[in-house]
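Put chain B on the given structure of chain A with help from the hints.
There are 2 protein chains.
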Amino acid sequence: MHMTRTLPLAASLALLLSSTARADEGMWMPTQLPALSEKLREAGFRGDPQDLADVTQAPLSAVVKIGGGTGAFVSPDGLLLTNHHVAYGVIQYNTKAGANLIDDGFVSKNRSGELPANPDFRVLVTTAFDNVTTQVLADARGKTGRAYYDAVDSASKRIVAACEAQGGVRCSVANMNYGSDFYRITQLELRDIRLVYAPPRAIGNYGDEIDNFMWPRHAGDFTFLRAYVGRDGKPADYSADNVPYRAPAFLKVATDGPQDGDFAMLAGYPGITYRNRTATEFDAQVGHVLPARVSVFDALIDTIEQAGKANADARTRYASQLQSLKNNRKRAAGELEGLLRSDAVHLRSEDERGMLAATHGTQQQRIAQLQKILSEGSAQGDRDLLLGLIATQTQLMRAALTLERLRIESAKPDAERETGYQQRDQALIEGLLKQVQRRYDADTEKALLTTLLGRYQQLPDAQRVPVFDAAFGRTADSLAKALDTLYAGTTLGTEAERLSRFAAAREGKPLADDPLIALAARLVPAQIQLDDARKAREGDQLRLRPAYMQALATWRTQQGRATYPDANSTLRVSFGRVTPLLPRDAVAFAPVTTVAGIVQKNTGQVPFDAPRPLLDAIAKGDFGSTADPALKTQTVDFLTNLDTTGGNSGSPVLNAKGELMGLNFDSNWEAVSASWWYDPSMKRAIHVDARYIRWLLAKVYPAPQLLQEMQLPAE
Amino acid sequence: MHMTRTLPLAASLALLLSSTARADEGMWMPTQLPALSEKLREAGFRGDPQDLADVTQAPLSAVVKIGGGTGAFVSPDGLLLTNHHVAYGVIQYNTKAGANLIDDGFVSKNRSGELPANPDFRVLVTTAFDNVTTQVLADARGKTGRAYYDAVDSASKRIVAACEAQGGVRCSVANMNYGSDFYRITQLELRDIRLVYAPPRAIGNYGDEIDNFMWPRHAGDFTFLRAYVGRDGKPADYSADNVPYRAPAFLKVATDGPQDGDFAMLAGYPGITYRNRTATEFDAQVGHVLPARVSVFDALIDTIEQAGKANADARTRYASQLQSLKNNRKRAAGELEGLLRSDAVHLRSEDERGMLAATHGTQQQRIAQLQKILSEGSAQGDRDLLLGLIATQTQLMRAALTLERLRIESAKPDAERETGYQQRDQALIEGLLKQVQRRYDADTEKALLTTLLGRYQQLPDAQRVPVFDAAFGRTADSLAKALDTLYAGTTLGTEAERLSRFAAAREGKPLADDPLIALAARLVPAQIQLDDARKAREGDQLRLRPAYMQALATWRTQQGRATYPDANSTLRVSFGRVTPLLPRDAVAFAPVTTVAGIVQKNTGQVPFDAPRPLLDAIAKGDFGSTADPALKTQTVDFLTNLDTTGGNSGSPVLNAKGELMGLNFDSNWEAVSASWWYDPSMKRAIHVDARYIRWLLAKVYPAPQLLQEMQLPAE
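Sequence lines, in order, name chains A and B.
Heads up: the first sequence at position 364 corresponds to 368 in the working numbering, and the numbers run straight through without jumps.
Heads up: the second sequence at position 583 corresponds to 587 in the working numbering, and the numbers run straight through without jumps.
Isolated chain A (complex conformation):
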């Protein structure tokens, strides 16, 4: 017999499958972590969970919000590490003729060479996190519906205004567990951010759209920034005189790297999840919402493609909208596919059945009330989807609706105006009205409205709105005639016409006559009525969901599990481990990739066009202390089962000692449905290995001063 037989891979995979299927689900509030000590230690964490409880103390105070993502301080001098794609705007802003920082990357030789970010770029450092539930709910108690909603809304706005009065900070009120608890978050707003180090696009975004959501991955998706403040230590606009910000804490970058099965922990600002939604909401999402979205996106995609067939100009104008529709379609289909694969509706429903059986009295009644309100809202889902798309997938129609709403809101005091139509929103609206020119074609817009309103006409009476029927009729003929008349007569296709009306609307003054404006004047009041009804339902949800959440928490405790609030863009911590992915029969993906994969994927063409210095350095094989001791080569990215969602981009990934061993930048395609359901066999997060960052800084695009600043080996 041959003695060095191959390992029985098939058997290993079966074993792996069972071991990777253990759940490391949870986007924990830091305050919850001490209570999870045992679970943390069992997973391999070697620090004191108590240290993780306070977001204003080290180490979590090193974790900051940057743009739509996350970042972390990695030196006492305000040096920040985040994703290349999170800092992309900064790199783009500094790219000029003769200095293509996107393609060539950027290495600042010293601090004076660091380049100012675009002036609106912000880094937010959390300085306080306080429970304000009592204040927020004080006026709401005893109320229902719209009154409950308004009480919560006004209290929150008052708290924010009072907090921001101190200056230099941005404040917000976070709603945890769907109205159960409210927290006031105070964040220092750093306004002078500079670019320190960015790899070339072909490293930072190696693989681009083709590799997006894919594993195995080979991108170096990271960038170093530095925060500056005035000489008084306070946030300030850019000035050459500013000094590096003294970070309240910073993360030590690890010198050893992730191995399969290692403990991993991540802190960041996940945007939104729906894990604690009711079984009915799961059922609606899978059985109706997602299929309806896929269907209407397909129809809109087809409409634009048909309209563009004979019109090259329209093709160009709608290229970006088409791409965005295709992405939305892909995501909705992926989410649906994932939820079906995981059997999420069935599992959530069984789970809820168990929970309800253990619920009694007032709690039970309140949950029953909640379910009733949810199904009322759900019954209007198709209409809300279509009306929403009419207002977002068009240019002139959107302009008319926006102008009319702006006119109505602008007649009120600023604080009472609807969010999105306040003083501070006007620049955005003006920008929207200006860009119409590049994105509008009359025939295409009419075709899109024909598609959307045609579907609207098919809705059952209970979902219909009289003014829409009056405006467009109930037949294809009447719709076509109405659209022809509207678009033949409107002058909103001309920028000057839109902007003169914008000038009037922002003053609350009447708008000059136009067929689309006249239509909007009839439709907008109906929209406001629908909004009011929605707010009333939301008020009741805010009032009733806490009963559901409490029942769920009790039920989870009985199951030996803790509950975490759904993501809401506040700082969360998840922990788990470095984990392979076994996505399909006989297919296994190792959790760590190496530079060999860069060479294998490289075609020399975008997006697989690794820069020559990188390819040369790989060929040279001089990896020094950054090489993996087992693999004996340079690693690039790694995979964990950490619980993440959009907003976690740039989140630091910590090892058992709390050192930064990677940077989160994506998740796998199979995890698209994780916003609703965490499937332990499929949910993975994708990270840059800090050793790859260190190697690039040491050997490929050298920045010895940064390695020194982070107290890392020179090579």
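Any given hint could be a false lead.
In this list, chains with the same sequence are indistinguishable; a pair is considered to hold if it fits within one copy or across any two.
Unchecked claim - Lysine to aspartate or glutamate pairs mimicking DMTMM-like chemistry, simulated, CA-CA at most 20 Å apart:
1) Lys624 - Asp465
2) Lys703 - Asp347
3) Lys661 - Glu42
4) Lys113 - Asp536
5) Lys624 - Asp429
6) Lys313 - Asp143
7) Lys636 - Asp535
8) Lys416 - Asp536
9) Lys485 - Asp535
10) Lys624 - Asp347
11) Lys605 - Glu341
Simulated from the structure, these hints should not be mistaken for laboratory data.
Model, not experiment: these values are computed from the prediction.
For chain B alone, kept in the frame of chain A given last:
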């Protein structure tokens, strides 16, 4: 610490990589196997290698040639197992209105229900295998070039004629090791073959083109046939009175299945390989031949696509040619990619350098002479490629060239005619002339000739042929003018015109006037001259390559390795083991797939439209004795590192006990270059697991009588 850590997959993969990288290269002649006893035993074989030496004795006499592939007897009553795609013509032949055997499959309830194959379908059973080197080379000794070629050719033809004189057998002379040895192969020609059992297309060809060359795979690519003979036991045409053929041997179907690392052995009729070609030939293949083929295929593809843009009719007529060009292009590019990835040119060149250093005297001189002749031939490569394509990628031009050559050859006695133009080839030629109607468009053919002859015009003078220059000139203008004149004047676009000339040509009579025929009359003599030169070079290669092969064999012996002759459609045996595939960084494919993969891939649309009875049976999970004990489910296909190439389709895959545990049906994409170079980390062969076949027969499309005939468990 968490105790049930996941297996360190990354480390396992690294280990696997080194263990799978051991070579199990070799398409051995059965006579070589006793000398490989130690290697066979080390690999895990438990039988007596001596038993494998004689192709006319059990077990190898159970392995037969079927169509372009291989098959094996699995019962004493002539029951044969081969691939669905090898028997596809038989299934198609029996598919009629109301009996769609392709889509629905076929299960014969009993022997009288077995369906006759198309009358030209053959199964060949080898009855003798004799070394005839002395006879073949007797007249050749002392000769060179064309004379050597003719002497070998005539001797071979005489041997075949004498052998076939006994009747009922087909004979051939196989050239082993490029002129070193010649074997006379005598094969019983079974002419009454019947269809016994075929799965539906959506099982037999599950995944079709999308999964072609892919792993993991989930096809049940098998079919049962039965050979019949006359009541006298001799081969006979179909007759209801015929009786099942008493097979000289049959293979026992295994009841246990393949596990990762298990010994595996395969016997079949691999078509052609180039492993023992010289380093210069490797260099030319990678550096020139394959890039040139990719380039000219790209140009032809582009030409057809451009021509089809404005002409739907032309698009239809050239669809099949376009597809075939794309396949050829893909294969050439894949072969190139694989050879580059394996660094084959460098490795072969280092290997040869070592060999040459150990070579002296006459042997050394003969090898030097061989190298000179090879580079002469290689210098004409571009021209030969283009002239070849002119004669194969056109319709009217090909017709004219074929008719003229047929006229010339038909004037000779049949035995002296060029292969392809003998009496027995005439039906094929007539068919070719008839199908022109469905595949010809004048503008497209002119565009194709413009592309090919345009490239021809760019060749250096040394590769040019005066009559081609005279016919088409040396500029784009002269070429366009010549083609316009030819195609405006020719009448060969009419079937009757072609067939009337065919009638004359087969008699060796002059052909009626036509511009293309007149052109062919000038070109064909030049082609014959080129053929003569090629045969002269081939004669010298036949004379000189044995010196190279001898040097190689000596060198391999010094390396502790044995040499095997390149594949030439004769029976070969390869052995190795069940092996995973690690095709890219961080990607691992297990060597055994399961029915879970069928469900995962299933879309309900061709080619992933598994039949309902299969899906139901999978859902039911009743796998009985055919389930894998470790995976606890039904397996489908498996992967080995066995050395195969085209022609090995349907080859039985044997386990350590010599039992049939699978049926070869494909290889992986990364192995396309294996015809030149066996890369142990990438060369894999794909097989149906016999347990899947047994399960389908037991539970899904039941055929208990066949299980009984093969002495297999009923479930």
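Structure-based check of all given hints:
no., hint, verdict
1, Lys624 - Asp465, "neither (71 Å within a copy, 44 Å between copies)"
2, Lys703 - Asp347, "neither (48 Å within a copy, 27 Å between copies)"
3, Lys661 - Glu42, "within (16 Å within a copy, 53 Å between copies)"
4, Lys113 - Asp536, "neither (57 Å within a copy, 71 Å between copies)"
5, Lys624 - Asp429, "neither (54 Å within a copy, 59 Å between copies)"
6, Lys313 - Asp143, "neither (58 Å within a copy, 72 Å between copies)"
7, Lys636 - Asp535, "neither (60 Å within a copy, 55 Å between copies)"
8, Lys416 - Asp536, "within (17 Å within a copy, 98 Å between copies)"
9, Lys485 - Asp535, "neither (29 Å within a copy, 75 Å between copies)"
10, Lys624 - Asp347, "between (49 Å within a copy, 18 Å between copies)"
11, Lys605 - Glu341, "between (28 Å within a copy, 12 Å between copies)"
Comparing the model with each earlier hint shows violations of hints 1, 2, 4, 5, 6, 7 and 9; every other hint is respected.
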